[in-house]
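Heads up: the sequence lines are chains F and U, in that order.
Quick note, the first sequence lines up with residues 1 to 548 if you use this note's numbering.
Quick note, the second sequence lines up with residues 1001 to 1344 if you use this note's numbering.
These aren't lab readings, by the way, just hints derived from the structure by calculation.
Some clues are possibly wrong.
Simulated pairs of lysine-lysine, DSSO-like, Cα-Cα distance not exceeding 30 Å [what the hints assert, rightly or not]:
1) LYS497/F <-> LYS1325/U
2) LYS1073/U <-> LYS1050/U
3) LYS184/F <-> LYS1107/U
4) LYS1077/U <-> LYS410/F
5) LYS434/F <-> LYS1290/U
6) LYS1077/U <-> LYS1341/U
7) LYS278/F <-> LYS15/F
8) LYS486/F <-> LYS1073/U
9) LYS184/F <-> LYS1207/U
10) LYS1075/U <-> LYS1290/U
11) LYS410/F <-> LYS541/F
12) LYS497/F <-> LYS425/F
13) LYS1075/U <-> LYS1333/U
14) LYS1077/U <-> LYS486/F
15) LYS226/F <-> LYS118/F
16) LYS278/F <-> LYS434/F
17) LYS497/F <-> LYS1207/U
18) LYS1050/U <-> LYS184/F
19) LYS1325/U <-> LYS1073/U
20) LYS1290/U <-> LYS1333/U
21) LYS1207/U <-> LYS410/F
22) LYS1073/U <-> LYS1329/U
23) LYS410/F <-> LYS425/F
24) LYS1050/U <-> LYS1207/U
Computed footprint of chain F on chain U, listed as stretches where at least three residues anywhere in the stretch have a Cβ under 8 Å from a Cβ of chain F [what the hints assert, rightly or not]:
25) 1092-1104
26) 1161-1174
27) 1276-1285
Since the structure is predicted, the reported quantities are computational estimates derived from the model, not experimental observations.
We put the CB at the ideal spot given by N, CA and C, even for glycine.
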Amino acid sequence: MTEPLDSSKTEGLRKLLRLTNVRIVFQIIFFGLFVLSVWASWTSRIGGYPVSRFLEIDPLVSISTALSTGYIYRYLGWSLAIIVVTFLFGRVFCNWICPFGTLHQFVGWLFNIHPATKRIEQNQYHHLQYLKYGILVIFLMMAALGALQIGLLDPIVLMYRGFTVFVAPAADMLIDSATSFSSKAGMEPAFAASLKFAPGTASRVFVGSFWVGAFFLALIILNLWKPRFFCRFLCPLGALLGVISRYSLFRINRNVNRCTDCNLCLTRCEGASDPQGKVRVSECFSCMNCLDDCPEDALQFTMLGLDQNQVVSKPDLSRRRLLFAGLSGLFMFPLMRNNGRATDENFSPDMIRPPGSVAELEFLEKCIKCDQCINVCPTNVLQPATFKEGGFEGLWTPVMNFNIRHCQLKCALCSEVCPTGAIRKISVAEKLGKGEYGEQGPVRLGTAFINASRCLPWANQIPCVVCEEVCPVSPKAIQTIDEEVKDVYGNMVVLNKPFIVPDLCIGCGICQSECPVQDQPAVYVTAVGESRSQHRKLLLKFRTSEQV
Amino acid sequence: MAKEKYPHLDYQQRQMSRRDLIKKGVGIAAASAAASYLAFAPEHFPLSLKDDSGLRSLPTPDIFRLPDFRVAKEKSKFDLGLGRSGSVAVKLKKALDAVGGIEHYVKPGDIVLIKPNVAFDRSPNLGATSNPEIIKELIQLILVDCRAAEVRVADNPIESPADCFAKSGIRLAAEQAGGRVYLPDSNAFEILSTPGAVLIEQWPFFKRPFRDVNKVIGIAPVKDHNLCQASLGIKNWYGLLGGRRNQFHQDIHEIISDLSVMIQPTLTILDGTHILMENGPTGGDPSNVKNGDAVLVGVDPVAMDAWAFEHLLERTGELPEYLYKAEAKGSGKIDYRGRLKEVV
């Protein structure tokens, strides 16, 4: 070192407080906050915590929804914080904050073990790293046309969806099997059970969880081939921040006079950003590893005395590729829309959206598939959609599956956590059409119907009226025609044959989930009659008692 | 020269010894013999893994029985106590005193389970769930006056358990008074054997909160019921069942009378302050609820339900069929005349 006065003690402290160690502390804190936000989303814990904040500071979410809707919903303006930080320090978000980035780095650090020479090779800039800019352009083009698909690859969205549908249920399953062993040994099972992501309820299930989980896992496994594969090649948020960071104040600067071209700065270079040559600012994650690894102190993270010869500031996307990506986005939009699922021509009867959802076309402009609503749903009725309900465009957006559970009457948690307003924030009073919302009436999710050929009283002379019992509206939307008949064995039985009063039905689906004809319930809800769409109405008008 | 052309000429082999070969052979033979034993030894041999029928590999559920939680009543006291007028606490106290006082039923060191009806995600004034005031008052009596070791509150609601307990006000009431709430999850159930029951001789039961419990008290709202006319003290025990409960509506009277056989509670408490007169058992509108002025406590659930049906729900005509069935199964006597003491 240059200062001769440095005692060994202050030298030790400097070493301890070096930027890479500070960075690790940041990463642990932000990763912890992320897991906490998923854990705290359970109905008994949520209180008023801002469990969607990671999504709300995600600039890709705010910019793409601003493109698709023209507005900035609720807390999305907070993403300016990340944009400002990027203007100052470059892509620090990627390596100091992003929980998905932390996960990738951790997996690479633990499992991608190679000698330094091989790692130097792995961490060289790869010419295909421009792909992520192409992906960004395609997504933004589609968003501008009204189909928001950033959620397929946005890292924060991937984290929330992966945790909701894959990691949290897996953790709960492990705790369940651990407690069933420990309780056999005489230990109190209630405590361990209370730590679960979803405690005090039946184990949650998620339709299509295999593909969500497999996609998530595959992105992580790719680290074994190339460290930070996702971050370097695919991440559209990283690309967006890369575009911003070309203007950043601080960056890595190489002192060419000191540099001996040893390439050791590449041993742990997270972004593969060429610090050994002309540093590619748009690729650099500001991870600071190269500062530690340079034996000559030739590298600095600074805003002063930057060598303008030793930098590539622009992302590596030529104008022709930009044009090609834009055209691809343009053509992918009709490719997704042509099935008629989003418009009212061919909507799926199973496309039942959570309460507070805006009409389908607007919904698809806003939903980022983060599945926070699915995470927070206390009954497990909300499920990530498969291709069946909405085609590719609707993949992993929330739909209700009443074979699993129902939508609880006095609950609007999904609308509370939605970061983009695809499910608009509504109160329970608005959902039920009470008080000042009396005029507009309750939110209707769909309408129930009876399949008389599978209904026990209608088809089989067997008494049963569970659907009427559980119907939560007053007066009940399921009423009965009561008949006393002699059944096939000669016994007199009273059959309460149920029928639906569509004027009263709100489509909550509890009749379907409680129907004993479980696999294909005799009472079932379909999307027609949902109140979010004028075009999907069923009744001309709601009858009142004077007319009945 | 030769060494350069054939660089391995001076290579020395390390040949496997005869001893090592024999060891290896014996090892393979022993492993094969052990595996053959496991696979081919008849089922009754020790350590045999043989499964001829395919039935041995099926799971055998843990089946348990519930003890009788009743406490013999003092001769001079009544089977049913009715407390009228005053606060809920006063009414409860009056009713309890009529049947011998809570100290007679709960002893120091007891672990007590309270089973309220928390079936739906509804606020207390809608009458669909148990009255949190009574729960709070009862827990305090049990912990302070009776010096019980622990009070647990448990139910398996139809809707999300956490939400039902929160919005019914029962979690808050229980925890403020010092009780502990148990919510059901998929792991909390075991098969209960109930000899004498017709439909639930073996059925999944919410077992977890019952560990070491020696007293059980049911607190039920008085409700209209679309199918069985009334949901009262006996129907309340439905909330401890797991499995596909919705089949029971095919024979609702049989299942409710089975519930009276399944559990013999220490005490049953019926809340006659918020009575759900119509649109039951869910209610949903305050106009469905009648505000009464009575708390009923008793040791004979059948007599209690019969009295409550006629005097709290104010129904005339035939009693619900399940009460006759419960009586026939020996769970109590319908005829409440002369067994009720009303304290005003």
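Going down the list of hints, with the structure as the test:
1. LYS497/F <-> LYS1325/U: Holds. LYS497/F to LYS1325/U sits at ~25 Å (cutoff 30 Å).
2. LYS1073/U <-> LYS1050/U: Roughly 55 Å separates the two Cα atoms, so the pair is violated.
3. LYS184/F <-> LYS1107/U: Given pair LYS184/F, LYS1107/U holds - Cα atoms ~29 Å apart, limit 30 Å.
4. LYS1077/U <-> LYS410/F: Roughly 44 Å separates the two Cα atoms, so the pair is violated.
5. LYS434/F <-> LYS1290/U: holds (21 Å)
6. LYS1077/U <-> LYS1341/U: Answer holds: LYS1077/U to LYS1341/U is near 9 Å, not above 30 Å.
7. LYS278/F <-> LYS15/F: holds (27 Å)
8. LYS486/F <-> LYS1073/U: violated (46 Å)
9. LYS184/F <-> LYS1207/U: holds (13 Å)
10. LYS1075/U <-> LYS1290/U: At roughly 35 Å apart (the allowed maximum being 30 Å), LYS1290/U and LYS1075/U break the hint.
11. LYS410/F <-> LYS541/F: holds (25 Å)
12. LYS497/F <-> LYS425/F: violated (38 Å)
13. LYS1075/U <-> LYS1333/U: holds (17 Å)
14. LYS1077/U <-> LYS486/F: Measuring from Cα to Cα gives roughly 48 Å; hence the hint is violated.
15. LYS226/F <-> LYS118/F: Holds: LYS226/F and LYS118/F sit about 11 Å apart, inside 30 Å.
16. LYS278/F <-> LYS434/F: Given pair LYS278/F, LYS434/F is violated - Cα atoms ~64 Å apart, limit 30 Å.
17. LYS497/F <-> LYS1207/U: violated (35 Å)
18. LYS1050/U <-> LYS184/F: It holds: about 26 Å lies between the C-alpha atoms, which stays within 30 Å.
19. LYS1325/U <-> LYS1073/U: holds (24 Å)
20. LYS1290/U <-> LYS1333/U: It holds: about 28 Å lies between the C-alpha atoms, which stays within 30 Å.
21. LYS1207/U <-> LYS410/F: Status holds; Cα separation ~29 Å.
22. LYS1073/U <-> LYS1329/U: Holds, because 21 Å separates the two Cα atoms, which is no more than 30 Å.
23. LYS410/F <-> LYS425/F: Since the Cα atoms of LYS410/F and LYS425/F sit roughly 14 Å apart, the hinted pair holds (cutoff 30 Å).
24. LYS1050/U <-> LYS1207/U: violated (33 Å)
25. 1092-1104: violated (count 0)
26. 1161-1174: Holds, because 5 residues of the stretch 1161-1174 of chain U bring their Cβ atoms closer than 8 Å to Cβ atoms of chain F.
27. 1276-1285: With 6 residues closer than 8 Å to chain F, the stretch 1276-1285 of chain U meets the three-residue bar; holds.
The structure is inconsistent with the numbered hints 2, 4, 8, 10, 12, 14, 16, 17, 24, 25, although it conforms to all the rest.
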